[in-house]
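Protein chains: 4
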Amino acid sequence: MSDSRIPVAILGATGAVGQTFIRLLAGHPWFRVAEVAASERSAGKSYRDATRWIEGEMPADVAALLVTNCDTTSVKSPVVFSALDAAAAGEREPAFATDGRVVLSNAKNYRMDDDVPLVIPEVNASHLDILATQRARRGWSGAIVTNANCASTTAVVAMAPLHERFGVRQLFLTTMQAVSGGGYPGVPSLDILGNVVPYIGDEEPKLEREMQKMLGTFTGSAIEYAPFAVSAHANRVPVENGHTMCLTLGFETKPTVEQALAALREWRGAEIVRGLPSAPDVPLRVRDELDRPQPRRDVMDGKGMTTSVGRVRADNILHLRLVAMSHNTIRGAAGGSILNAEVLVKQGVIARSARS
Amino acid sequence: MSDSRIPVAILGATGAVGQTFIRLLAGHPWFRVAEVAASERSAGKSYRDATRWIEGEMPADVAALLVTNCDTTSVKSPVVFSALDAAAAGEREPAFATDGRVVLSNAKNYRMDDDVPLVIPEVNASHLDILATQRARRGWSGAIVTNANCASTTAVVAMAPLHERFGVRQLFLTTMQAVSGGGYPGVPSLDILGNVVPYIGDEEPKLEREMQKMLGTFTGSAIEYAPFAVSAHANRVPVENGHTMCLTLGFETKPTVEQALAALREWRGAEIVRGLPSAPDVPLRVRDELDRPQPRRDVMDGKGMTTSVGRVRADNILHLRLVAMSHNTIRGAAGGSILNAEVLVKQGVIARSARS
Amino acid sequence: MSDSRIPVAILGATGAVGQTFIRLLAGHPWFRVAEVAASERSAGKSYRDATRWIEGEMPADVAALLVTNCDTTSVKSPVVFSALDAAAAGEREPAFATDGRVVLSNAKNYRMDDDVPLVIPEVNASHLDILATQRARRGWSGAIVTNANCASTTAVVAMAPLHERFGVRQLFLTTMQAVSGGGYPGVPSLDILGNVVPYIGDEEPKLEREMQKMLGTFTGSAIEYAPFAVSAHANRVPVENGHTMCLTLGFETKPTVEQALAALREWRGAEIVRGLPSAPDVPLRVRDELDRPQPRRDVMDGKGMTTSVGRVRADNILHLRLVAMSHNTIRGAAGGSILNAEVLVKQGVIARSARS
Amino acid sequence: MSDSRIPVAILGATGAVGQTFIRLLAGHPWFRVAEVAASERSAGKSYRDATRWIEGEMPADVAALLVTNCDTTSVKSPVVFSALDAAAAGEREPAFATDGRVVLSNAKNYRMDDDVPLVIPEVNASHLDILATQRARRGWSGAIVTNANCASTTAVVAMAPLHERFGVRQLFLTTMQAVSGGGYPGVPSLDILGNVVPYIGDEEPKLEREMQKMLGTFTGSAIEYAPFAVSAHANRVPVENGHTMCLTLGFETKPTVEQALAALREWRGAEIVRGLPSAPDVPLRVRDELDRPQPRRDVMDGKGMTTSVGRVRADNILHLRLVAMSHNTIRGAAGGSILNAEVLVKQGVIARSARS
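Those protein sequence lines, which keep their order, are chains A, B, C and D.
Each number in our numbering comes from the position in the first sequence (counting from 1) with 33 added on.
Each number in our numbering comes from the position in the second sequence (counting from 1) with 33 added on.
Each number in our numbering comes from the position in the third sequence (counting from 1) with 33 added on.
Each number in our numbering comes from the position in the fourth sequence (counting from 1) with 33 added on.
Same shape as in the complex, but just chain A (with noise of 0.2 Å):
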C-alpha cells in the first residue's frame, strides 16, 4: 500500500517534545513521521532503543526507524517539526530553511525576529504571510514559523477575543505551570512534591514580550506589536500537565463581564483553521463553575487542544479578571506546531505535491 501523506521528520525525537510529536501525528492524515533525528549519541540506534518513553504506547512503526542526524544531508524530508532546544536550534534551524524546508519550530531562536512568523493560527494566521518577506531577505527556499512559549500561548488565545474588541492595555499575569513544561528528566521530584517554586528560568521575560507580536497586525510589510504592557510572576506547582494562569486585565475600552463573556463564547478564531485534523472543535471553552477550569479536569479538553477560561469577573483597580489554563506540551508545543503545518499545506506553503 502506497502512503500518499507528507513525509515529515522530527528534530530532537527523543526528547520530550519530540515524544509529543510522534504520539500526536500518530494516524495523522496528511503527515507520516518519516524520520527521527537526534543528537550524534542516539544516531544509528533505532527510535525504540534509543529513547526513553515517557506517555502511552511508542508507534510501533516510528519505534522501528533509525535515528539520523540532525542535518541536511541525513534528513531528507520537506517537512521539519523541530524540538531542538536553544543551544541545537540557532545553527539548525536556518541549514533546513535553507536547503529548502518548512521548519515548525518550538525553540525561543528566532521566534522575535521581525520577519519569523509566532503563530497559533487561530488567532493571528495572518502573519504567516510575512513569510515572503522571511524568503525574500534571507534568500531562502523553505522558511522558519515558530510557535510561542507554552505559557504565552495560553494566555495569548484567552486574550484574543477580548483584545480584538477591546483592546488590552495591561496584563498583570501570575501561572502555576506543570512539571511536563520542564521536559524530562526536567524538574527533579525532590523540588517540587507538596511544594511551588516561584521561580522558572528565563519564563517571564517570554511571558512579557511574545504576546504583544502574537496579538498584534500584519501591516502587508511587517507585524505591528499590540501596544500593551505586561507584567508576569510564573510559578512550577506539582501538576503533570496544563499551564494554568490568572489574569487582571486593563482594557483600552473598558467591556461589562457581559461583554467580555460573549467575547470570549462567540470567538471562533481564523476561519482557515476551522476543520483543519487538529484544529479542535472550539479554541476556547468558556467554563461557567466557580472553581474552573482545572488543569486535571479540563487539560484534555478539545484532545488538549481548546484553551480553557473561567472566572470571568470584574477587577478592582483595572477592568477584568479571569483564569486560563490549556494544556502546554499539546497546545502550547507539539500540537501547536502541527496545526501551524497544517494551515502551511491549505495555504499551499507546504506542497501537497510532496504526498507523491
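Keep in mind that the hints were calculated from the coordinates and are not lab data.
Beta carbons are placed, not taken as given, at the ideal position from N, Cα and C, and that holds for glycine.
Be aware that a few hints might be false.
Once the Cα atoms are required to be at most 20 Å apart in a straight line, the calculated EDC-like pairs of lysine to aspartate or glutamate come out as [what the hints assert, rightly or not]:
1. B:Lys-78 with D:Glu-285
2. B:Lys-239 with A:Glu-88
3. A:Lys-78 with C:Glu-90
4. A:Lys-336 with C:Glu-322
5. A:Lys-239 with B:Glu-257
Sample of chain D residues at the chain B side, in silico, Cβ under 8 Å [to be verified]:
6. Glu-88
7. Met-91
8. Arg-198
9. Gly-227
Some chain B residues well away from chain D (every beta-carbon gap over 12 Å; in silico) [what the hints assert, rightly or not]:
10. Arg-65
11. Pro-218
12. Gly-227
13. Pro-271
14. Arg-301
15. Ile-305
Given the coordinates of chain A, assemble chains B, C and D onto it according to the supplied hints.
Positioned in the frame of chain A, the structure of chains B, C and D alone reads:
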C-alpha cells in the same frame, strides 16, 4: 508542683486549628491549656477519645482532659483561644467577652468591626488600644481580639516594611494556598492531587478588605484604614502547609529595588513583640536565592512564625514585584493568636495575677 | 427518533461510582440511562443540580433527568446498576430483584452468598448459571449479580491464567490503592499528600475471602471455592486512579517464569465476553518494561478495562512474583458491572425485548 | 575559642547524602566538619558555590569551607564519612583505610565482605569487633565500617526484637520508598507525581542479602548469617522522606501477637548505644493507631532516628504481619553512619585524642 501559668481554654478544640493551638501551647511558659471545649457531640468525652489527631503526638496532659461545652458556664478560664468557625463564633465569642474573658479569635465575624482590633502584633500592636473603646461601647469586662485570614496575614507582614516607608497604593495579589487552610477533612484528595483549584470560597473578599485595616493607623479613637486597593486571585494547590503568593505593588513613593530590600531587611516590627515566647528571631526573612521562598523548604522558619519573602524585583507596570510565604496554621492562625495573647499579658490586659 | 436501547436505572447515581456508571454508559449501544435514583435529599431535583460532578463533562441527556427515590415504585427500568453503599444496598437490592429487576451490584452485602454470582466475566462467566438456583431458592423473578471489591478484581484477573494452569495455593498480596477507591469526598488531602496510609478499613478481609470464590468452580449446583490462602496488606497511596499490587504466589505445580509468561500472554478469558461493547481487546496485558505497570501510565489501557501485569519473576521462597494494576472505578467497579450486564444480555437473562 | 571536637571529612559532600551529613553534624558535640571533599569539578570552590543545597539552611561555617579533592593527600581528617556512590567508593574508601582513617561508608561496595561490619548499632554493635580481623587481614591502620541500604535498615530494626526472641525464618517484604532515596536530582517528577513505580534498580537484591548479615551473630572470628530467606518487592511512591514497608514473617517459634508486641515494646537495643548524641530515646516505637505508621506523620520521630512499627497482627499463612517505617536519609544513611562513629568513639576505635 503548683503550676502558676495562666489557665486558658481552647474553643473548638477538636478541629484542625484547635489542635494547632494545643500543639503550640505544649510547654508554653505563660499559658497552660486547662480546658478544651467543643460541640455537644464531643462534650463529656476525654479529649483523646473525642479527637482525630492530625499531626505529631497529642500532649498527654491535654489528652486526659474532659471536653466541655462551649459556654461561659462550662468554661472557667480567663483567656479563651477561639478556633470556632463563623457559624458558632457569632454568638459565643461575645458571650465570653461579656463574661469578662479575653477572647483571641480566628473567626471572621468581628474582624471588620470598628472597635475590634485585627492584629499582627509586629505590624499593628498599637491597634490593641482600641480595646478601651470596645469595652466602653459594648459594656464588656472582657474583650475580643482577632487575627486575620491566613493569606491576608502573609501579605500584610511582607508589605508592612514597604508600606511604612513608601505607602502602598495598589496591590495585585495571586495566592497559591495550602490544603491545611481548608481544615480537616477539608479539601478532598480527588480535588487537589496533581491539580490547581483556582477558587477558594469567600477568600478573595477577605483578602481585599482586611489588609487596609491591619496596615491602617490608630488615631487615638479609631483605626483609619490604609488607602490602597487590592485585587486578588486565590488558588488552592497541593501543598500541605504554607501559603505562597505573588505580589505586584504600586506605591505613593516609588522605591528602588535596593531601597525596598533595605526596608524589608531592616524591619523588626513593633518593639513590644521582641522577646515574647512565640516571637521568632526575625518576623520577616528576605531570601536571596532566585527560586525562594518555597513552602516545603521555608515554612518552618522561625518555628512557623517567620514570613519569608524573595524575588524582590522591579515591575513593568507598577513599581515592585515579590513573592511571600508563611505558615498558614501557625503564623496565620493559632500561632498568631498566641502571640497576640502574649502582647496582652505584657500590656497587662491579661492579668498576670490570673496565674496564681 | 425512537431509541430501542434497554432502559437502565442507576441507584446511588450522584456518588462517585454512580457518576462513573453514567460516564461509561454515555453512548452505550445497548443500554440507555433512563433513570437516576438517589437519596431523598436529592430526589426531585434535576441530576445536574443534585450532583457535584467530578470528572469530565456530565452527559447532557442525563443532566436533565429528575432524580427519583431508590425504590421499586419510583424506578421502572428492568435493569438496575447499583452504586449503593452497603448500608443502603442491604434492603434495596433484594427489593428490586423481588420485583423482577436484574440488579448489577457493587456493594459487598450479597457477594459471598452461596447463590449470588460474584463475577468478572472473562474469569468466571460460568458462575452466572447459579442464577437459576438463586431465583428458585429466593422466589425472585429478577436477580442480583455482584462484582468484587476493586482490588480483588485486579488480583483475580492477574491470577486467573496462572490458576487455570498451575493451581494457586498461596498468595501474599500487598496493595497500593488509589484515592478514588475511597469515593468522593473520600480521602482528605491532608491524610494522603506526600504520604502512605497503611490501612484501609475492611479491605484486607475482603481481599482474603473474595478471590477464592471468583477463582472457584461452578459444579452445576454450587460454586466450589478455589483452595488457596491469601495474606493481604492494603495501603492507600497518593494516586488518583489505579490500584497497583505486588503478588507473591505459590502453586500446586510450580511453573517456570517462561511458562507463567506464556500463560499470561495467551489468556483471552471466557469466549462469551469477546466482542462485547465494554470488553477490551485484551483483558490482560503483559508489560515487558522493567518498571511497569504504573498506574499513571497504564491505567487507561483498554479504556480502563485491561489489567496490566509486569515484573513476572521467580520468587526466593514461593514460586512467582509479579505486579498487577488496573483501574479501580472502571474495571474494578462500574465498568465491570456493565460488562456483566452485557454478558447477561447475550445469555438472554436480560431480555433484548426490553429494548422495544 | 579552641574547638576540641574531632575533625571529620565528608566525601561526596555536595550530593544529597553529603548534605544530610552536614545538616546532622551541625552543632554535634563530638565531631566538627573540618573538610568537604567532592569531585574535581567542585574542588577549589567554596562549599556554598559548589553546592545546590536542598533542605533548610546551609551551616555558615561549612559554607565557607573550600571543597577539596577526594584523596588521602587533600583530606587530613582522621574520621571520614563517605557519601560516595559505588563507582567512586570502590577505590577511594580502601585508600583512606590504608592511610589510617576510619571510614564510615554508605556505599554498597564493601558491605558484604566477610571482614567488614555492616552495622545498625542498636542491633549488632558487637559486629564491630570484626575490625580486628579486618585490620590484620588487610594491613589497614584505619578501618571501613558500613551501614546498610536504607530500606534494609528499616526492616532490620523492626525485626531485631522479634528475631532475638522467636527466630525469623521467612520474610515477605514489600516496600514503598521515598523519592529522597534516589538522591538529587534523582527521581524525575514526571515519573512519580500521582504514580507508583514498582521497580528500583538493584534494590531487591540488596534487600534480600543484607539483612541476614545484620541479624547474624559474631562468633569471635566471623559473622554468621541469620538463617532466613527474604522475598522482596521494592516500589517508589510520591513521598519525600520515609520508607514504609509491609512485612509478613515466619518464625522458628511462632509468637502470639501479644508476645510480639511485648518484644517490640521492650526492646532498647545494645547497651552501648544508649545516651550517645545521635541515639533516639527509643530506637523502635510501636504505634497503636489502626493506620500508622505513616511517613509524613512519623518520619521525624526521634529526630529521624526512631523506627516506627504498627499494625502488628496475625497472618493467615505465616505467623505475623506488621508495617515498619523510618527515615531513609537520616536513620537509613547519614544519621546511621554518625551513630556508628559515636559507638567507635566510645569503644576507643576513634581516638578521643584526635580532638586535641
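The hints, checked one at a time:
Of the supplied pair hints, the one linking B:Lys-78 and D:Glu-285 is violated, its CA atoms being roughly 44 Å apart against a limit of 20 Å. For the hint linking B:Lys-239 to A:Glu-88, the alpha-carbon distance of about 42 Å lies beyond 20 Å, and the restraint is violated. For the given pair, A:Lys-78 sits about 43 Å from C:Glu-90 by alpha-carbon distance, which is inconsistent with the 20 Å threshold. Between A:Lys-336 and C:Glu-322 the alpha-carbon distance is near 27 Å, which puts this suggested pair outside the 20 Å criterion.
Taking the CA atoms of A:Lys-239 and B:Glu-257, the gap is near 42 Å; set against the 20 Å cutoff, the hint is violated. The restraint placing D:Glu-88 at the interface with chain B holds, with a minimum CB-CB distance near 7 Å, inside the 8 Å limit. Nearest Cβ of chain B to the Cβ of D:Met-91: about 11 Å, over the 8 Å cut. The hint is violated. Interface hint status for D:Arg-198: violated, as the beta-carbon distance to the closest one in chain B is roughly 28 Å, over 8 Å.
About 4 Å separates the beta-carbon of D:Gly-227 from the nearest beta-carbon of chain B, less than 8 Å, and the hint is met. A cut-off of 12 Å between C-beta atoms confirms that B:Arg-65 is not in contact with chain D; the least separation is 24 Å. Under the 12 Å C-beta cut-off, the non-interface status given to B:Pro-218 relative to chain D holds; the minimum distance is some 14 Å. Chain D draws B:Gly-227 into its interface by the beta-carbon criterion, the shortest separation being 4 Å against a cut-off of 12 Å.
Here B:Pro-271 does not stay apart from chain D, with its beta-carbon only about 9 Å from theirs, under the 12 Å limit. With a cut of 12 Å on Cβ distances, B:Arg-301 stays outside the contact zone with chain D, its closest approach being about 20 Å. Residue placement check: B:Ile-305 keeps its beta carbon more than 12 Å from all beta carbons of chain D (closest about 28 Å).
The earlier numbered hints that this structure contradicts are 1, 2, 3, 4, 5, 7, 8, 12, 13.
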